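Asker: Letter by letter, the chains look like this.
2 protein chains.
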Amino acid sequence: MEIFLDCLPCFLRQVLEASRMVTDRTEIHEDVMKEAINIIKDYQKFRYSPEIGRAVHQIVKQRTGNSDPYKEIKKENIKSALQVYPLLKQFLDEKTDKLYWACKIAATGNIIDSAIYNEINIEEAVERELDKEFSICDLQKLKRELQQADSLLIIGDNAGETVFDRILIEEMALDTIYAVRSEPIINDATMEDACASGLELRTRLISTGCNAPGLILHESTKEFLQIFHQADIVISKGQGNYETLSEQKREIYFLLKAKCPVIADDLGVNVNDYVLKKC
Amino acid sequence: MEIFLDCLPCFLRQVLEASRMVTDRTEIHEDVMKEAINIIKDYQKFRYSPEIGRAVHQIVKQRTGNSDPYKEIKKENIKSALQVYPLLKQFLDEKTDKLYWACKIAATGNIIDSAIYNEINIEEAVERELDKEFSICDLQKLKRELQQADSLLIIGDNAGETVFDRILIEEMALDTIYAVRSEPIINDATMEDACASGLELRTRLISTGCNAPGLILHESTKEFLQIFHQADIVISKGQGNYETLSEQKREIYFLLKAKCPVIADDLGVNVNDYVLKKC
Numbered sequence: 006m007e008i009f010l011d012c013l014p015c016f017l018r019q020v021l022e023a024s025r026m027v028t029d030r031t032e033i034h035e036d037v038m039k040e041a042i043n044i045i046k047d048y049q050k051f052r053y054s055p056e057i058g059r060a061v062h063q064i065v066k067q068r069t070g071n072s073d074p075y076k077e078i079k080k081e082n083i084k085s086a087l088q089v090y091p092l093l094k095q096f097l098d099e100k101t102d103k104l105y106w107a108c109k110i111a112a113t114g115n116i117i118d119s120a121i122y123n124e125i126n127i128e129e130a131v132e133r134e135l136d137k138e139f140s141i142c143d144l145q146k147l148k149r150e151l152q153q154a155d156s157l158l159i160i161g162d163n164a165g166e167t168v169f170d171r172i173l174i175e176e177m178a179l180d181t182i183y184a185v186r187s188e189p190i191i192n193d194a195t196m197e198d199a200c201a202s203g204l205e206l207r208t209r210l211i212s213t214g215c216n217a218p219g220l221i222l223h224e225s226t227k228e229f230l231q232i233f234h235q236a237d238i239v240i241s242k243g244q245g246n247y248e249t250l251s252e253q254k255r256e257i258y259f260l261l262k263a264k265c266p267v268i269a270d271d272l273g274v275n276v277n278d279y280v281l282k283k284c
Numbered sequence: 006m007e008i009f010l011d012c013l014p015c016f017l018r019q020v021l022e023a024s025r026m027v028t029d030r031t032e033i034h035e036d037v038m039k040e041a042i043n044i045i046k047d048y049q050k051f052r053y054s055p056e057i058g059r060a061v062h063q064i065v066k067q068r069t070g071n072s073d074p075y076k077e078i079k080k081e082n083i084k085s086a087l088q089v090y091p092l093l094k095q096f097l098d099e100k101t102d103k104l105y106w107a108c109k110i111a112a113t114g115n116i117i118d119s120a121i122y123n124e125i126n127i128e129e130a131v132e133r134e135l136d137k138e139f140s141i142c143d144l145q146k147l148k149r150e151l152q153q154a155d156s157l158l159i160i161g162d163n164a165g166e167t168v169f170d171r172i173l174i175e176e177m178a179l180d181t182i183y184a185v186r187s188e189p190i191i192n193d194a195t196m197e198d199a200c201a202s203g204l205e206l207r208t209r210l211i212s213t214g215c216n217a218p219g220l221i222l223h224e225s226t227k228e229f230l231q232i233f234h235q236a237d238i239v240i241s242k243g244q245g246n247y248e249t250l251s252e253q254k255r256e257i258y259f260l261l262k263a264k265c266p267v268i269a270d271d272l273g274v275n276v277n278d279y280v281l282k283k284c
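Residue numbers (my numbering), protein chains in the order written: chain A, 6 to 284; chain B, 6 to 284.
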């Protein structure tokens with residue numbers, strides 16, 4: 006997906022927020038913003054929006070001296086997700102079309118980062134989101150392919166959402182590899198986050214080798230690329246991965262909530278719609 | 006008020022939106038964004054946030070060749086406001102504390118630019134907003150001063166809101182001067198907009214001489230400055246004027262809705278709160 010101008014102000018807003026999470030020193034906020042402005046000015050040098058995301062968030066890390074500004078938030082998100090995990094399992098247990106609902110749960114996991122950390126609120130938010138149907142739903146295609154499939158690769162997105170993905174993995178009961186970012190970037194899941202989500206018990210965890218908030222294939226390891234190309238089914242989670250992978254040759258199921266107008270437009274859906282789309 | 010870093014992404018978002026309103030040519034959107042990024046990079050050269058607003062919106066005007074990108078929107082806003090005018094008059098007529106409600110109506114006028122242009126929606130939105138009380142309300146001070154006052158200066162804000170201000174002016178029945186921007190800037194009211202709102206029948210209209218989306222006194226005309234300093238009471242409408250006038254020596258009543266976190270923080274209120282504050 007190409008880079009949209011709409012992303013530029015959004016990056017500035019995001020790095021200001023990230024800097025403030027780490028430090029109260031306004032001179033650092035100012036330095037981060039100035040350097041981030043210099044980067045977004047040259048947005049045409051980048052191929053994908055998540056590359057700009059990585060570049061501006063690297064400034065936050067450098068200037069604040071904190072290599073993982075979202076560490077605490079990620080911990081909180083995983084904790085919150087683990088709290089609702091038993092309810093989600095029970096919810097799924099009561100459903101007939103289990104694959105549909107497991108996909109819906111995994112897509113809904115994408116809201117965990119904006120939820121308020123209060124047990125009742127999270128439960129309510131998750132229930133409300135689960136009620137919303139997919140706007141694009143290639144479930145029948147997925148079901149057909151699953152009958153012949155032996156291996157599944159899931160490309161992870163945020164920490165916390167990882168716990169919701171676990172439910173989809175448990176439901177599919179396939180030989181699954183779950184891929185994470187090679188190092189902390191925004192609130193995306195790393196190996197540590199995936200382990201804290203209980204994914205190491207259910208899947209083989211692997212780093213993609215790429216540290217952008219969207220998987221860039223030519224930055225990935227040889228090992229990952231082999232898995233990517235050989236897996237019978239690939240499910241890509243979240244917006245960042247959609248931005249970098251939507252034009253790839255291999256068939257991919259994109260499972261996400263369209264949180265911003267740019268992604269929603271590209272998919273032809275409304276903001277906040279849920280999508281399970283084979284591209 | 007000082008310039009906050011939060012304003013920078015907001016300006017970028019705003020000029021992209023403004024450029025798209027005027028033209029579909031993406032190369033123009035790109036040029037506008039690049040030049041706007043260059044301006045916000047040097048934000049420390051500016052004294053007030055509305056100065057940056059003026060600079061970036063001037064780029065939109067130059068690059069699109071449209072000297073008034075918000076012209077149609079302003080017309081629509083005035084039309085919508087004139088639609089609810091009779092209802093507002095009737096609403097006020099039924100109230101006991103007329104000055105309180107006239108101030109509340111004038112403050113509520115600040116929402117007209119975000120309302121949907123549908124008669125029922127506007128009426129509902131206005132009614133809902135009128136129900137919300139002021140978070141800061143220096144009405145008693147204003148009432149006391151009004152007993153001795155002969156002259157009133159209102160520094161206008163948006164087109165459309167002007168119609169709501171008319172109700173306050175009609176209620177106060179003072180010798181009133183209403184000041185507007187010297188030329189079109191964003192959706193702020195100009196002389197033409199004030200006339201279209203029916204204000205020329207009720208007040209003496211004057212241009213401040215300043216074309217920023219917040220009144221910068223040292224850019225104003227001598228005539229305006231004389232009025233500003235001599236008026237018994239000055240009411241300043243909206244956020245932009247608050248940003249440039251909040252630290253002025255002369256006493257001013259600021260009448261506004263705090264629409265953004267930066268202004269709300271400065272005033273010590275929540276976002277979306279209403280304020281009538283004497284500074």
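These aren't lab readings, by the way, just hints derived from the structure by calculation.
Just so you know, these numbers come straight off a predicted model, no measurement behind them.
Do not take every clue at face value.
Same chains, same names: a pair is fine if it fits in one copy or spans any two.
Here are the simulated DSS-like pairs of lysine-lysine, each with C-alpha atoms no more than 25 Å apart in a straight line [said to hold, decoys possible]: (1) 254 with 283; (2) 227 with 46; (3) 100 with 146; (4) 76 with 227; (5) 80 with 264; (6) 46 with 76; (7) 84 with 264; (8) 227 with 84; (9) 254 with 80; (10) 264 with 283; (11) 46 with 103; (12) 50 with 137; (13) 39 with 84; (14) 148 with 50; (15) 283 with 103; (16) 137 with 283; (17) 103 with 50.
Asker: Tell me, in ascending order, the numbers of any earlier hints that this structure violates.
Answerer: 2, 4, 6, 8, 9, 11, 12, 13, 14, 17
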